[in-house]
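Undergrad: Protein sequences appear in the order of chains A and B.
End of the first sequence sits at 121 in my numbering; the numbers just go up one at a time, nothing left out.
End of the second sequence sits at 132 in my numbering; the numbers just go up one at a time, nothing left out.
Hints may be right or wrong, so weigh each one.
With a straight-line Cα cutoff of 27 Å, these simulated BS3-like cross-link-like pairs (lysine-lysine) come out [stated by the list, open to error]:
(1) Lys79/A with Lys67/A
(2) Lys59/B with Lys79/A
(3) Lys71/A with Lys88/A
(4) Lys59/B with Lys74/B
(5) Lys59/B with Lys67/A
(6) Lys79/A with Lys63/A
(7) Lys74/B with Lys100/B
(8) Lys74/B with Lys120/A
(9) Lys74/B with Lys88/A
(10) Lys120/A with Lys79/A
(11) Lys88/A with Lys63/A
(12) Lys71/A with Lys74/B
(13) Lys88/A with Lys67/A
(14) Lys100/B with Lys59/B
(15) Lys95/B with Lys59/B
(16) Lys74/B with Lys95/B
(17) Lys63/A with Lys120/A
(18) Lys100/B with Lys63/A
Some chain A residues well away from chain B (every beta-carbon gap over 10 Å; in silico) [claimed, not checked]:
(19) Ala28
(20) Phe29
(21) Asp66
(22) Gln92
(23) Val93
(24) Ala97
(25) Asn107
(26) Lys108
(27) Arg118
If you want the ones that stay clear, here's a sample from chain B, every Cβ over 10 Å from chain A, calculated [as the list claims (entries may be wrong)]:
(28) Ser44
(29) Glu61
(30) Ser125
No lab work stands behind these hints, which were simulated from the structure alone.
None of these values were measured; they are calculated from a predicted model.
The beta-carbon is built from N, C-alpha and C at its ideal position, and this holds for glycine as well.
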Amino acid sequence: GDSVTQMEGPVTLSEEAFLTINCTYTATGYPSLFWYVQYPGEGLQLLLKATKADDKGSNKGFEATYRKETTSFHLEKGSVQVSDSAVYFCALRGGNKLVFGAGTILRVKS
Amino acid sequence: EPEVTQTPSHQVTQMGQEVILRCVPISNHLYFYWYRQILGQKVEFLVSFYNNEISEKSEIFDDQFSVERPDGSNFTLKIRSTKLEDSAMYFCASSESPTGAYGYTFGSGTRLTVV
Chain A
12 GDSVTQMEGP
22 VTLSEEAFLT
32 INCTYTATGY
42 PSLFWYVQYP
52 GEGLQLLLKA
62 TKADDKGSNK
72 GFEATYRKET
82 TSFHLEKGSV
92 QVSDSAVYFC
102 ALRGGNKLVF
112 GAGTILRVKS
Chain B
18 EPEVTQTPSH
28 QVTQMGQEVI
38 LRCVPISNHL
48 YFYWYRQILG
58 QKVEFLVSFY
68 NNEISEKSEI
78 FDDQFSVERP
88 DGSNFTLKIR
98 STKLEDSAMY
108 FCASSESPTG
118 AYGYTFGSGT
128 RLTVV
């Protein structure tokens, strides 16, 4: 079945460091791909999405490119802030539902 | 910005009791979902609902679970006889389209604790 694999965390970075969170997927066909963010004590918020190969999703300085060849959708940000500390979930749409990765905790120190 | 509202934010219940988790989806959305997240684990799909019917459900969604849209605005998840392992954060979500082309909007969740 469909699945999403994310790099394990926690990822600890200093402010202004470069961020990469790896995400790869297994699916039939070419699913839509998403990154969701969960801030402490809050629900899941859509961060960005891409619906077809080579699409780049971007929001709030975060970017991810849908790579069909490597079945990947890695999340990047050039300069993280303390306020980016959260759990990041990669997900794909399989059928009529989302399939999530395990989540990656990001901690940013000032 | 429109949001999905869930109540209560936290519920504690005794094992064997029935609980109802409530959600108000975004008003023009037609597709509704429940997901759950056991502490420290991944977010798991439970059920999707459209046109007053379940359109898909996971293995987790057994006979102890049911969903209902009792009126034009609420969407509920009922657990008939709670078990300790039902303790989790339950998220409601809604979308305009079945493909989530415009994204799925999630509520802030209900933390269910079964004691």
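Undergrad: Hints first: check each against the structure and report whether it holds.
TA: Hint check:
no.: 1; hint: Lys79/A with Lys67/A; in the structure: holds (12 Å)
no.: 2; hint: Lys59/B with Lys79/A; in the structure: holds (24 Å)
no.: 3; hint: Lys71/A with Lys88/A; in the structure: holds (9 Å)
no.: 4; hint: Lys59/B with Lys74/B; in the structure: holds (17 Å)
no.: 5; hint: Lys59/B with Lys67/A; in the structure: holds (25 Å)
no.: 6; hint: Lys79/A with Lys63/A; in the structure: holds (9 Å)
no.: 7; hint: Lys74/B with Lys100/B; in the structure: holds (19 Å)
no.: 8; hint: Lys74/B with Lys120/A; in the structure: violated (41 Å)
no.: 9; hint: Lys74/B with Lys88/A; in the structure: violated (35 Å)
no.: 10; hint: Lys120/A with Lys79/A; in the structure: violated (34 Å)
no.: 11; hint: Lys88/A with Lys63/A; in the structure: holds (21 Å)
no.: 12; hint: Lys71/A with Lys74/B; in the structure: violated (34 Å)
no.: 13; hint: Lys88/A with Lys67/A; in the structure: holds (13 Å)
no.: 14; hint: Lys100/B with Lys59/B; in the structure: holds (19 Å)
no.: 15; hint: Lys95/B with Lys59/B; in the structure: holds (21 Å)
no.: 16; hint: Lys74/B with Lys95/B; in the structure: holds (14 Å)
no.: 17; hint: Lys63/A with Lys120/A; in the structure: violated (35 Å)
no.: 18; hint: Lys100/B with Lys63/A; in the structure: violated (41 Å)
no.: 19; hint: Ala28; in the structure: holds (26 Å)
no.: 20; hint: Phe29; in the structure: holds (26 Å)
no.: 21; hint: Asp66; in the structure: holds (12 Å)
no.: 22; hint: Gln92; in the structure: holds (22 Å)
no.: 23; hint: Val93; in the structure: holds (22 Å)
no.: 24; hint: Ala97; in the structure: holds (14 Å)
no.: 25; hint: Asn107; in the structure: violated (5 Å)
no.: 26; hint: Lys108; in the structure: violated (4 Å)
no.: 27; hint: Arg118; in the structure: holds (16 Å)
no.: 28; hint: Ser44; in the structure: holds (18 Å)
no.: 29; hint: Glu61; in the structure: violated (8 Å)
no.: 30; hint: Ser125; in the structure: violated (4 Å)
The structure fails to meet hints 8, 9, 10, 12, 17, 18, 25, 26, 29 and 30 from the earlier list, while all remaining hints are met.
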